[in-house]
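The listed protein sequences correspond, in order, to chains A and B.
Under my numbering, the letters of the first sequence match residues 1 to 461, in that order.
Under my numbering, the letters of the second sequence match residues 1 to 461, in that order.
No wet-lab data here; the hints were simulated from the structure.
One or more hints might be untrue.
Each pair may be met inside one copy or between any two copies, as identical chains are not told apart.
[As the list claims (entries may be wrong)] Mimicking DSS-like on lysine-lysine, the simulated pairs with C-alpha atoms at most 25 Å apart in a straight line are:
#, residue 1, residue 2
1, Lys254, Lys78
2, Lys78, Lys7
3, Lys7, Lys254
4, Lys7, Lys17
5, Lys128, Lys78
6, Lys93, Lys133
7, Lys127, Lys17
8, Lys17, Lys93
9, Lys409, Lys368
10, Lys93, Lys27
11, Lys7, Lys409
12, Lys254, Lys93
13, Lys78, Lys93
2 protein chains.
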Amino acid sequence: MARIPYKIFLSEDEVPKYWFNLKAVMKDLPDPCLNPVTFEPCTAEDLSRVFCSDLVEQELNTTDKYIRIPDEIQSFYKMYRPSPLVRAYCLEKLLDTPARIYYKFEGTNTSGSHKLNSAAAQVYYAKKQGISKLTTETGAGQWGTALSMACAYFGIDLTVYMVKISARQKPYRKAVMETYGARVIPSPSETTEAGRRILAENPDTNGSLGCAISEALETAMKTDNCRYVLGSVLDHVLLHQSIIGLEAKAAMQKYGIEPDIIIGCAGGGSNFGGLIAPFIEDKINGNSNIRIIAIEPASCPSMTRGRYAYDFGDTGRTTPLLKMYTLGSGFMPSPNHAGGLRYHGMSPIISKLYHDGYIEARALEQSKVFEAATIFARCEGTLPAPESSHAILAAIDEALKCKETGEEKTILFGLTGTGYFDLTAYESYNSGTMTDYIPTDEDLEKGFATLPRVPERTGIY
Amino acid sequence: MARIPYKIFLSEDEVPKYWFNLKAVMKDLPDPCLNPVTFEPCTAEDLSRVFCSDLVEQELNTTDKYIRIPDEIQSFYKMYRPSPLVRAYCLEKLLDTPARIYYKFEGTNTSGSHKLNSAAAQVYYAKKQGISKLTTETGAGQWGTALSMACAYFGIDLTVYMVKISARQKPYRKAVMETYGARVIPSPSETTEAGRRILAENPDTNGSLGCAISEALETAMKTDNCRYVLGSVLDHVLLHQSIIGLEAKAAMQKYGIEPDIIIGCAGGGSNFGGLIAPFIEDKINGNSNIRIIAIEPASCPSMTRGRYAYDFGDTGRTTPLLKMYTLGSGFMPSPNHAGGLRYHGMSPIISKLYHDGYIEARALEQSKVFEAATIFARCEGTLPAPESSHAILAAIDEALKCKETGEEKTILFGLTGTGYFDLTAYESYNSGTMTDYIPTDEDLEKGFATLPRVPERTGIY
Numbered sequence: 001m002a003r004i005p006y007k008i009f010l011s012e013d014e015v016p017k018y019w020f021n022l023k024a025v026m027k028d029l030p031d032p033c034l035n036p037v038t039f040e041p042c043t044a045e046d047l048s049r050v051f052c053s054d055l056v057e058q059e060l061n062t063t064d065k066y067i068r069i070p071d072e073i074q075s076f077y078k079m080y081r082p083s084p085l086v087r088a089y090c091l092e093k094l095l096d097t098p099a100r101i102y103y104k105f106e107g108t109n110t111s112g113s114h115k116l117n118s119a120a121a122q123v124y125y126a127k128k129q130g131i132s133k134l135t136t137e138t139g140a141g142q143w144g145t146a147l148s149m150a151c152a153y154f155g156i157d158l159t160v161y162m163v164k165i166s167a168r169q170k171p172y173r174k175a176v177m178e179t180y181g182a183r184v185i186p187s188p189s190e191t192t193e194a195g196r197r198i199l200a201e202n203p204d205t206n207g208s209l210g211c212a213i214s215e216a217l218e219t220a221m222k223t224d225n226c227r228y229v230l231g232s233v234l235d236h237v238l239l240h241q242s243i244i245g246l247e248a249k250a251a252m253q254k255y256g257i258e259p260d261i262i263i264g265c266a267g268g269g270s271n272f273g274g275l276i277a278p279f280i281e282d283k284i285n286g287n288s289n290i291r292i293i294a295i296e297p298a299s300c301p302s303m304t305r306g307r308y309a310y311d312f313g314d315t316g317r318t319t320p321l322l323k324m325y326t327l328g329s330g331f332m333p334s335p336n337h338a339g340g341l342r343y344h345g346m347s348p349i350i351s352k353l354y355h356d357g358y359i360e361a362r363a364l365e366q367s368k369v370f371e372a373a374t375i376f377a378r379c380e381g382t383l384p385a386p387e388s389s390h391a392i393l394a395a396i397d398e399a400l401k402c403k404e405t406g407e408e409k410t411i412l413f414g415l416t417g418t419g420y421f422d423l424t425a426y427e428s429y430n431s432g433t434m435t436d437y438i439p440t441d442e443d444l445e446k447g448f449a450t451l452p453r454v455p456e457r458t459g460i461y
Numbered sequence: 001m002a003r004i005p006y007k008i009f010l011s012e013d014e015v016p017k018y019w020f021n022l023k024a025v026m027k028d029l030p031d032p033c034l035n036p037v038t039f040e041p042c043t044a045e046d047l048s049r050v051f052c053s054d055l056v057e058q059e060l061n062t063t064d065k066y067i068r069i070p071d072e073i074q075s076f077y078k079m080y081r082p083s084p085l086v087r088a089y090c091l092e093k094l095l096d097t098p099a100r101i102y103y104k105f106e107g108t109n110t111s112g113s114h115k116l117n118s119a120a121a122q123v124y125y126a127k128k129q130g131i132s133k134l135t136t137e138t139g140a141g142q143w144g145t146a147l148s149m150a151c152a153y154f155g156i157d158l159t160v161y162m163v164k165i166s167a168r169q170k171p172y173r174k175a176v177m178e179t180y181g182a183r184v185i186p187s188p189s190e191t192t193e194a195g196r197r198i199l200a201e202n203p204d205t206n207g208s209l210g211c212a213i214s215e216a217l218e219t220a221m222k223t224d225n226c227r228y229v230l231g232s233v234l235d236h237v238l239l240h241q242s243i244i245g246l247e248a249k250a251a252m253q254k255y256g257i258e259p260d261i262i263i264g265c266a267g268g269g270s271n272f273g274g275l276i277a278p279f280i281e282d283k284i285n286g287n288s289n290i291r292i293i294a295i296e297p298a299s300c301p302s303m304t305r306g307r308y309a310y311d312f313g314d315t316g317r318t319t320p321l322l323k324m325y326t327l328g329s330g331f332m333p334s335p336n337h338a339g340g341l342r343y344h345g346m347s348p349i350i351s352k353l354y355h356d357g358y359i360e361a362r363a364l365e366q367s368k369v370f371e372a373a374t375i376f377a378r379c380e381g382t383l384p385a386p387e388s389s390h391a392i393l394a395a396i397d398e399a400l401k402c403k404e405t406g407e408e409k410t411i412l413f414g415l416t417g418t419g420y421f422d423l424t425a426y427e428s429y430n431s432g433t434m435t436d437y438i439p440t441d442e443d444l445e446k447g448f449a450t451l452p453r454v455p456e457r458t459g460i461y
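Pulled out of the complex, with its shape left as it was, chain A reads as follows (with noise of 0.2 Å):
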């Protein structure tokens, strides 16, 4: 076997041609989403007037375990995939443990993240459908980014509602939007319904994800011609993003690498579905004892202090209902600087497979979430996101438990993004000015208190 580079890259020939849908290889599937006014199954009807119907399609798809990659989706991928698969050599040599640790890096193109895997297809499919409108909602900045590229790509309208913290602590996200063409708006606004509604109550808000989601999708469905594309959260939006983990896995292989433990940021769950995607399935099929971490920030801790309930994807409680580990609509994450891990519930996938016990779940704080980040600036060079650094502190414990017993374990963690746009937040690690914000139980409880009462249903969905 061949000494194993700093960076593996697949060339255009090994670059998957096929998403990876888990929900073909679930065992039990996820508990479908509800008609919020019926509550019946939503029908692909229901969903089509909120989402473009290809995308309807593979949200609605639980049979198909490869699903194609439209030839010009790839054509896109190939303006800034493969990412490369990186041995973590310094960090590895600084941690001096025994461990090998990969990181698949996703933040190589401007948009800085993941994300443009599913805007790339998202718009692609919206272009073919003759939509020339799109709206959507963004936290960190990273999906509007990824979006505005997209659309500019595709040629089409976009608007942007942006999460009002977000927009005052990374103001230049809104400029790299704008040079993509897209209009930004500060979420909540006054442009819409559920944004008035929002400001009415509480008009000193920083927004949230699920305010700047209900106004993204007002907009949309009061807009000809317009639809609400979503960037993390929905199967289809994991199914995109399943690219990570197919292009990480062939890397591997061409190596002869099998992971022991992987570990992934979760914030609505996009990534860290594809990166475990293609590793899962023998887990699911008693085949093999990998480790799978998905690490959520203590400030928003849907996974491990949340409930299994259906909920309302935003906090304007006008989306299907989903089942999913949630700390319920009406919770105010406090303002970490994670923004793309400030949401209060958890993909229905993710969701059911930590149910069923095949994922564990950890929440850090944000203070030594940063410290692992500047540490691993200073010995990889990259500066990473700060939701990707919370996967890094992750494994920089596992490998540090792997120096005290000695096993040499293979940890791949997916690098999501860039911190370029993230550095308000390392000027207050730096000053020693960062705090962690913890929920108190009674903080959850105002949070699990919005939850909607859904009748017990029994028989078939």
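Put chain B on the given structure of chain A with help from the hints.
The following block gives chain B in isolation, referenced to the frame of chain A:
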């Protein structure tokens, strides 16, 4: 021949192990740098008071065409190199040109530019010599960021004098450098005699690379076990940057590609010199008709409107005298947004090659440069640095000429970096408030009046 992929990556084995020394292939060498007191050519001893001894040796080496890259630097390079050679399929399609456009993209590392290539080398040699502290200046912030990354990796203390206007335009650059452990001081400052003198004369100055160099030099000379490092202009910096051209040439040769035109932006000339290094030899020998074009900003036109004369490298008039195209060390460039190109002089090697007719030069205005940057970002994905965008505009112009003539020329340009820290500039362009500054002849005369009087010499240098 296989279809050319969007991105050509070399494998670790294919990455060059040697730098290319341009001076070893030049028919006529640049005039030597002079001691500003004696007007005698600088000796190794003169230079060693400021620079590390290995770098002095490289600076004066005119005979060895290939210089081996030490293993430690090769290891560092593996963290972020090889950089991709990209076929600009999308840009070609948009322009509807028969030209084939390639760019060598140096922005995939956290410093966001090619500067890391020389930073790694310079810090390594300092470490090897037992130096514990370094000082430098930074304009756009790319060099300072690169150096802070290399210093964090090799464990060296770093002070960066950052041009004041850049510190204001790019607040987050400082945070990145501090995250990597550097001390950042806006220049001119009160920490040096040179800074205090410049501030006394002109308290509202925006600063310039020339001022910042004076301050960094002074601090290095006055501090124990400290040396000064420079990110451009000097021959050893061009040597380190030859990795760009060597990788580009190796990647092109894999697919049998030969460029007809090479385009690079030129501030101090290091990326440009590095890009063209292995390509210009045949032209010097009369075996190639390749066109090589250096692009500078119309606001700081050292080659197109400057004089070929001995001049100081800094505003404080403390450096050795360099024979170069210059606007005069007293020339104060207008505050355009390409900080990396805002320097009064030009690398002596590039100056000589230009003077001898091997290179063309062109000056471009910034609003047109940002128009090209936006076109490029929207179709190729990557948000380019303003500096690099000068090369983009020139490449577009050449590709459009091919469209008129029907010629299928192969164009290679250097995409030196990303614009993630230049969003103030993009905001200015997006909002229509960007203006172009072109110095009047009178402005230039003021700069030329600051050129030193150097006695005429005959005989051997």
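Verification of the supplied hints:
no.: 1; hint: Lys254 / Lys78; verdict: both (20 Å within a copy, 19 Å between copies)
no.: 2; hint: Lys78 / Lys7; verdict: both (18 Å within a copy, 8 Å between copies)
no.: 3; hint: Lys7 / Lys254; verdict: both (12 Å within a copy, 20 Å between copies)
no.: 4; hint: Lys7 / Lys17; verdict: both (21 Å within a copy, 17 Å between copies)
no.: 5; hint: Lys128 / Lys78; verdict: within (20 Å within a copy, 41 Å between copies)
no.: 6; hint: Lys93 / Lys133; verdict: between (50 Å within a copy, 24 Å between copies)
no.: 7; hint: Lys127 / Lys17; verdict: within (21 Å within a copy, 47 Å between copies)
no.: 8; hint: Lys17 / Lys93; verdict: between (36 Å within a copy, 23 Å between copies)
no.: 9; hint: Lys409 / Lys368; verdict: within (23 Å within a copy, 53 Å between copies)
no.: 10; hint: Lys93 / Lys27; verdict: neither (40 Å within a copy, 47 Å between copies)
no.: 11; hint: Lys7 / Lys409; verdict: within (19 Å within a copy, 33 Å between copies)
no.: 12; hint: Lys254 / Lys93; verdict: within (24 Å within a copy, 34 Å between copies)
no.: 13; hint: Lys78 / Lys93; verdict: between (33 Å within a copy, 15 Å between copies)
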